[in-house]
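Those protein sequence lines, which keep their order, are chains A and B. Taking my numbering, the leading residue of the first sequence gets 1, the next gets one more, and so forth. Taking my numbering, the leading residue of the second sequence gets 1001, the next gets one more, and so forth.
Hints are computed from structural coordinates only; laboratory data are not their basis. No residue lacks a Cβ here, since even glycine has one placed at the ideal position from N, Cα and C. Certain hints may be false.
Unchecked claim - Derived DEER-like restraints, expressed as beta-carbon distance ranges:
hint : chain 1 : residue 1 : chain 2 : residue 2 : range
1    : A       : K24       : B       : E1042     : 46 to 54 Å
2    : A       : K24       : B       : E1026     : 26 to 34 Å
3    : A       : E97       : B       : E1200     : 57 to 65 Å
4    : A       : S126      : B       : K1352     : 22 to 30 Å
5    : B       : E1029     : A       : K151      : 23 to 31 Å
6    : A       : N20       : B       : I1030     : 51 to 59 Å
7    : B       : E1084     : A       : K6        : 22 to 30 Å
Protein chains: 2
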Amino acid sequence: MKNLFKLMKIEDFIEVAMSNMNKKLETEEIDIIDSLNRILSENVISDGDLPPFSRSTVDGYAVYSKDTYGASETLPIFLDIDGEIRMGEEATKKLKEGYAMKIATGAMIPEGSDSIVMVEDTEMISEKTVEISRAVYEKENIVFKGEDILKGGVLLNIGHKIRPQDIGALAGIGVTKVNVFKKVKVAVISTGDEIIDPSETPKLGQIRDINSYSVSSFALELGCEVKMCGIIKDNKDMLLNEVRNRIEDFDIVLLSGGSSVGTRDLTIQVLEQIQKDSILAHGIAIKPGKPTILSVINDTLIIGLPGHPASSIVVFNGVVKPLIKLMSGELAEINYDNKIVAKLSRNIVSDKGREQYFRVLVTKENDEFIAVPILGKSSLITTLVKANGLLKCGLGVEGIVKNTDVEVIMF
Amino acid sequence: MKNLFKLMKIEDFIEVAMSNMNKKLETEEIDIIDSLNRILSENVISDGDLPPFSRSTVDGYAVYSKDTYGASETLPIFLDIDGEIRMGEEATKKLKEGYAMKIATGAMIPEGSDSIVMVEDTEMISEKTVEISRAVYEKENIVFKGEDILKGGVLLNIGHKIRPQDIGALAGIGVTKVNVFKKVKVAVISTGDEIIDPSETPKLGQIRDINSYSVSSFALELGCEVKMCGIIKDNKDMLLNEVRNRIEDFDIVLLSGGSSVGTRDLTIQVLEQIQKDSILAHGIAIKPGKPTILSVINDTLIIGLPGHPASSIVVFNGVVKPLIKLMSGELAEINYDNKIVAKLSRNIVSDKGREQYFRVLVTKENDEFIAVPILGKSSLITTLVKANGLLKCGLGVEGIVKNTDVEVIMF
């Protein structure tokens, strides 16, 4: 029974999973207001200039800049006022040299004018005359036609994850619907004879389902479409039917719950029966979380998660999360995980043969972040409730000394 | 026309807003699977022990630890096997001294046994006898009844923002519904004669609505319930009716869009007409974003946002976001904003009279983060599309020198 597991490195696990899938990503068209955090499946190109005309960026007077040369508070110049450009209306009249037109922020620049004097630098002497106490240079206080984005310009690229400011920009160029990759579809199946639904009262020997709730919630947080499939007892035919059905309809099937050798063996039997030699890894170099199973059947990724709550969450964050990102179509150029650099509060000893994740609580003391390891068995979910981050010790690392600055992945 | 604005500091703005509201937060009961990122409105107390019985954390044999003393690979000991404890079943039979019972991970510990020998340290000699090659100490490989959480213990506190692992823990103690504070309700009203709906084609002088889309999306991202109320032209009666109606039903009314003095003046007139002296601030010491209006009427917060797209987003992130957090019921103990420390790529000069926000693009080069300021007028939305963070220069700061490590608020 020794060497039950041949441990696979995390990067190999991810590489093997991805290289065994060959699924074309599906797309859908959605309203921009529903597109937050979705991944663009096409480049978005502007079919017009933004702004569509040159606009004033201030309230003031449209002028010829050369007419203001030399103007100062002590030696102001005076210009005749030739009307006003109203908001939302076309500036139809050309500005004559030696004249000024009243203009509001955002209004259209009249033909001829090359700059705007701010209202703060003016004084209306009469209905017909304005005093100007500061010279303006050419192009001052104007945003030019197409300066934000030109017709034909790429606003956003394929693979971009849509943020609030992007939605504003899409609206600005008149794009009200976008094509995005469909959400990654995740089925979560609970297994294990001892597992019962949280709404039930456990008899002695039974335990409420924790992992499928935490794992489903992590997947929801990542923007997946998640189906909780309920609890399947350790019965080969039932599990086989359930897994086979879910493989049809989902991109990822997560088997969560029981962590005994019996449950694991059953999972392996079922996967091998659905497709021979479909087990790609059985055991991963991560701590906690060693007994993790990887399989790909019909381009669907199947991961058997370990049963201990903390192990299950560590494997989700260390392995499933990067796989979901890779499967989502996102080209992660400008999105970073939420990480905090904190001072480690005590020495920790790591298993150098595995990538070990410590649960830590990051707190702020006198403007400094402190990472306090939360110790406890990986079977305890409350260790993760007390924690707000994970600290990774890579392969080959034997430990970290107190007061070292460490990078914590927040969750 | 000089000194149009008396500028209020950001912290004063937030303090004045909060001290003029006295709204009791409403609550609702929801399913835990819908509770991600919601704020608990009550402490969650466990009404039972978790786990409800002592369990094995490994596959192996339940024993009396004293029966294994001295066992080693070279000098194993042998115990008689007295049956097996099956998953999900009560361990009804007491373990007799000198015997071992087969047990799976997660199964119930039989009475008498005080430790579990891992299967890796055993060899089944026959149906009746197991060889044990390593001694176990008392309590080894057992998670005890109530060790995760004791009956009556507080699992989560009021004001806690629910994370995926919390949902797992709630399921674990049989809590399938929780009471949370209702989402902060935000109405976004677009104003300005020049603003048209993004689906329309602008005539000369008109511009598509950008800000209400970006601002609504930021509010959605923060977990608010958001209503986009459409575009109201600069007509006093129409704006007055719209604002008055929204004050009834929403916690926050954001006025977004037009940035001309005319639109601003109209907003102020309307708010003063709904309730005299309700304008609490008019101008804020933030750059960009100075022309921001604050009002509270009937415990509803009303904020007139500046019209330039970048200003609008800076004010949302600098002022509205902290106000939403304060109004949400969240007690922010263990949640931090996503910030990255990066090296500034060039010198920047700041307005020391205002809290200035620079748009920056953070990139990773050779494991080091670099913050590149994105320069451009605050009227350009694409400067924010190119950026992925904001860099704050506080009041009194004149600038930051190239290569300084700066903290960037990511978005």
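To see whether the hints hold, each was checked on the structure:
1. For the pair A:K24 and B:E1042, the supplied restraint of 46 to 54 Å holds, since their beta-carbon distance comes to about 47 Å.
2. About 46 Å separates the C-beta atoms of A:K24 and B:E1026, a value inconsistent with the hinted range of 26 to 34 Å.
3. One distance hint, 57 to 65 Å for the beta-carbon pair A:E97 and B:E1200, is violated here, with the actual separation near 36 Å.
4. Checking the proposed 22 to 30 Å range against A:S126 and B:K1352 shows it is violated: the Cβ atoms sit about 38 Å from each other.
5. Checked against the hint of 23 to 31 Å, the C-beta distance between B:E1029 and A:K151 comes to roughly 52 Å, which is inconsistent with it.
6. The hinted range of 51 to 59 Å is not satisfied by A:N20 and B:I1030, whose Cβ atoms lie roughly 39 Å apart.
7. The supplied range of 22 to 30 Å is met by B:E1084 and A:K6, whose beta-carbon atoms lie about 28 Å from each other.
Hint compliance for this structure: hints 2, 3, 4, 5, 6 are broken, all remaining hints hold.
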